[in-house]
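Trainee: We have chain A already, so just place chain B on it with the hints.
Which chain is which? The protein sequence lines are A and B, in order. Heads up: the first sequence at position 19 corresponds to 19 in full-length UniProt numbering, and the numbers run straight through without jumps. Heads up: the second sequence at position 74 corresponds to 74 in full-length UniProt numbering, and the numbers run straight through without jumps.
Honestly, the hints are just simulated from the structure, not real lab data. A hint or two may mislead.
The list treats identical chains as interchangeable, and a pair is accepted whether it falls inside one copy or across any two copies.
[To be verified] The calculated BS3-like cross-link candidates involving lysine-lysine, where the alpha carbons are at most 27 Å apart (straight line), are:
hint	residue 1	residue 2
1	Lys49	Lys27
2	Lys49	Lys65
3	Lys56	Lys27
4	Lys34	Lys56
5	Lys65	Lys34
Protein chains: 2
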Amino acid sequence: TPTQLEIAMDAMIRIFHYSCKEGDRFKINNGELKMLLQRHLTEFLSCQKDPELVDKIMQDLDANKDNEVDFNEFVVRVAALTVACNDYFVEQLKKK
Amino acid sequence: TPTQLEIAMDAMIRIFHYSCKEGDRFKINNGELKMLLQRHLTEFLSCQKDPELVDKIMQDLDANKDNEVDFNEFVVRVAALTVACNDYFVEQLKKK
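Isolated chain A, as found in the complex:
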């Protein structure tokens, strides 16, 4: 039986794959990524611990709207937003 971490990663693959349009089945552009993050991290984004960091991540996506990201980059952005939105990390953010 898959572990919790494997279930989590399977969910991330499905969400990413679902957003891949016909083009390249393994890439989405930053514009699509931003919509995906806003749709799938709604609660995280509503209680941001580090709004500046969240804005920076989102603006970066806007600035490179047509740049393409693969699954690894998708996961890196989700992790960065998770850190910026979770009180678990709030002490870590203060240490910056």
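Mentor: Only chain B this time, still in chain A's reference frame:
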């Protein structure tokens, strides 16, 4: 209610946090990370699509055993192993 992606990230925070020893509550060393990956990605690691890539990731952890990784780096390693172990990515791996 949290979305699937938020549930997945909460699970990753719990697993990472659970592995943090007393030392720095936001970091684990590569030795601990390797054990965590072997314990929590058992099924992934048993049906590797790109064994070379998996070995490289694991050897890298061994080589820098005492180096510390934070949550972001933990997620990056999990994503890399996910790509190396999932048939969803097998075509992408062939394109390399």
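Trainee: Indicate, hint by hint, whether the structure satisfies it.
Mentor: Checked hints:
{"no.": "1", "hint": "Lys49 with Lys27", "in the structure": "between (29 Å within a copy, 19 Å between copies)"}
{"no.": "2", "hint": "Lys49 with Lys65", "in the structure": "within (25 Å within a copy, 32 Å between copies)"}
{"no.": "3", "hint": "Lys56 with Lys27", "in the structure": "both (22 Å within a copy, 24 Å between copies)"}
{"no.": "4", "hint": "Lys34 with Lys56", "in the structure": "within (12 Å within a copy, 32 Å between copies)"}
{"no.": "5", "hint": "Lys65 with Lys34", "in the structure": "within (9 Å within a copy, 35 Å between copies)"}
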